[in-house]
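The residues making up each chain are set out below.
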Amino acid sequence: MTLLDVKNLTLQFDTDEGRITAVDDVSFEINPGEVLGLVGESGSGKSVTAKSLMHLNPPNAVYSPESSITLNLEDQSVDVLSLRQGSQDMQIVRGGSISMIFQEPMASFAPAITIGDQMVEQLVLHKAISEKEAMKISVEMLERVGISDPSERFNQYAFELSGGMRQRAMIAMALSTRPKLLIADEPTTALDVTIQAQVIDLMKDLVTDFNMGIIFITHDLGVIAQTADRVAVMYLGKLVEQGPVRNVIRDPAHPYTQGLLNALPKLEDLDAPLTPVPGDIPSPLERPPGCVFHTRCSAVEDRCSLSVPEMKALDRKRSAACFVAADQRGAA
Amino acid sequence: MSNKPLISARDLSVHFNLRGGLFTPKLVLKAVEAINLDIPKGSFFGLVGESGSGKTTLGRAFLKANHISRGSVHYADGEVEYDLQDMPKSDLTEYRKRAQLIFQDPYAALSPRMTVRDIIAEPLEVMGITKTREETDERVREIADRCRLNLEHLRRFPHAFSGGQRQRISIARALVSSPRFVVADESVAALDVSIQADILNLLKSLQKELGLTYLFISHDLSVVAHICDHVAVMYLGRLVETAPTRELFSAPRHPYTKALLSAIPSLDPDNAGNTQKLEGEIPSPTNPPPGCKFHTRCPFAIDICKREEPKLETSGKEHDVACHRWKELADEPARAVGKKPVNKKSKNRTKA
Chain A
1 MTLLDVKNLT
11 LQFDTDEGRI
21 TAVDDVSFEI
31 NPGEVLGLVG
41 ESGSGKSVTA
51 KSLMHLNPPN
61 AVYSPESSIT
71 LNLEDQSVDV
81 LSLRQGSQDM
91 QIVRGGSISM
101 IFQEPMASFA
111 PAITIGDQMV
121 EQLVLHKAIS
131 EKEAMKISVE
141 MLERVGISDP
151 SERFNQYAFE
161 LSGGMRQRAM
171 IAMALSTRPK
181 LLIADEPTTA
191 LDVTIQAQVI
201 DLMKDLVTDF
211 NMGIIFITHD
221 LGVIAQTADR
231 VAVMYLGKLV
241 EQGPVRNVIR
251 DPAHPYTQGL
261 LNALPKLEDL
271 DAPLTPVPGD
281 IPSPLERPPG
291 CVFHTRCSAV
301 EDRCSLSVPE
311 MKALDRKRSA
321 ACFVAADQRG
331 AA
Chain B
1 MSNKPLISAR
11 DLSVHFNLRG
21 GLFTPKLVLK
31 AVEAINLDIP
41 KGSFFGLVGE
51 SGSGKTTLGR
61 AFLKANHISR
71 GSVHYADGEV
81 EYDLQDMPKS
91 DLTEYRKRAQ
101 LIFQDPYAAL
111 SPRMTVRDII
121 AEPLEVMGIT
131 KTREETDERV
141 REIADRCRLN
151 LEHLRRFPHA
161 FSGGQRQRIS
171 IARALVSSPR
181 FVVADESVAA
191 LDVSIQADIL
201 NLLKSLQKEL
211 GLTYLFISHD
221 LSVVAHICDH
231 VAVMYLGRLV
241 ETAPTRELFS
251 APRHPYTKAL
261 LSAIPSLDPD
271 NAGNTQKLEG
281 EIPSPTNPPP
291 GCKFHTRCPF
301 AIDICKREEP
311 KLETSGKEHD
321 VACHRWKELA
331 DEPARAVGKK
341 PVNKKSKNRT
351 KA
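Sequence lines, in order, name chains A and B. Counting from 1, one number per residue, gives the positions in the first sequence under the numbering used here. Counting from 1, one number per residue, gives the positions in the second sequence under the numbering used here.
Because the hints were derived from the structure by calculation, they are not lab data. We treat Cβ as the ideally placed atom computed from N, Cα and C, and that holds for glycine. Since no wrong hints were added, every one of them can be taken at face value.
Pulled a few chain A residues facing chain B out of the computed Cβ check, cut under 7 Å:
| hint | residue |
| --- | --- |
| 1 | GLU41 |
| 2 | SER42 |
| 3 | ASP192 |
| 4 | THR194 |
| 5 | VAL245 |
| 6 | LEU260 |
| 7 | LEU264 |
| 8 | LEU267 |
| 9 | LEU270 |
| 10 | VAL277 |
| 11 | ASP280 |
Assemble the whole structure, with the sequences as input and the hints as a guide.
Here it is as structure tokens:
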């Protein structure tokens, strides 16, 4: 059974400048124990998509009637989008079955409350346990993520920890409620490479230990290659390609995925020229008609600006939203 | 490229006094300590290191945007020479025309209240390089054209532009005074991958056209590997290794350089890179460890590393390294860079 089912998610924001489409007809699913990498550049809608999974978007967000997000738990299926803000059921989802870690750990911890108090507070809120038990679980969790002297760190404040330690503490806090799904929004972007490598190793270990699903959001394809089982590529609110990580990275089908990989400096081949994707990412206020990528695409044809390509299943469990790729690879 | 250095630093140190109130002891932060470094004229010189390693402070010292606590920095471009450590104010104004900075964040670096034309023209007016408005406009148009900016856009304000376009505007502003030396401090770090390559290619072609020397500060080794011809690696205010790029990436000698290289996530899902992962984090520069600054995280540290600070010594043609054990460690494997790795199944993925 899939853990999470996202179907036809379309999300717009009401702003002074009009209605802006942030996510456009996105569908994907996650199985338990699977890491899904969500890749995209700024403005691609990857963070907004992740936030809608916990119903965390601001009040001016408008979901289309077709959108549905279903969380399949052991005893029940939860329709996330129908939950009312502040309701009891919402707590089953937020911080209970789904946890989230963010890019900047300093901004996610309250500065004037100790790490331990914050961990205990959310544990007591979500689980029917005493404060004493919560403390024990929290210290164990801190130790599990590789923090030395966990009982001492428990009583410290976020500013007393270094950047890498803070992100570890953040992970410990997110995992202490034993969530079924962890959303990690650029968890390593603010870290130095040597610390990033440590955090990636830690997260790989935790997936096997806890058998949870992870959505790993990042703009770094190298990080995706090292962590994800499947990858979904987004551009301007559209899902353009989805498939097993090896297939997508070694043999990308969508011209945007191809362009991203070509633009990346590769350590293995220093003589390869850096090929940028031509042009700039259009503003979300001026979304191109037809295929959103056609203004920058090297394989563009007349039909691309006229109608929107649908996600089509291609070879090897992969799908892409591109007319040209579908023709070349013989879509099913 | 001639080998005469444009910038040469000798025993360069930059210290900051952090506090020293009535009752608190004085605390000195040694951001940059005893650096000897030559930047050859016409080179694309990379400076890498983690946050807190002092790379930005060193770059700013070369621009005289920081004070210099000890040592010397000599600038010689063939026309003029300056000693930055004791430079009179009048020389500084002249030096600013020859040495410029490109910032990291193109969103923060441009005033939202000025048009693109005014932003690019400002250095000309402040430095008194041009006399008339016509002359200024001509210089602005010329450099904007070189930076591939649409001349129609000069009348617009920065908010109308995307990240890549903004970075081209800030490059044009840095280059309008015809500098010889440009410090690019994390200039592509804030850009999206698809745009980053475009800005790197632009910097490279401008170097050829205008005969520039760059100091390219970055934490991203794969970018540095592609664009720079020389690289220097910093750790906690010290230079630990410097070499021509190919040499550094194919035969890194310092354990820190090796670890940095193996920490870059590989694009090959079956190749977890060399698993020489570093433990711990960079120590605080206010309280650096004694001896070799890297010994607290170095897997090869022995007694002498804890006591004595290694000096930068020559280990090959233009290849300097500061490590007591580099000779013994020469056979230690490092991540293969520059050639495609043999595809082997990694067991890392299934490891419990």
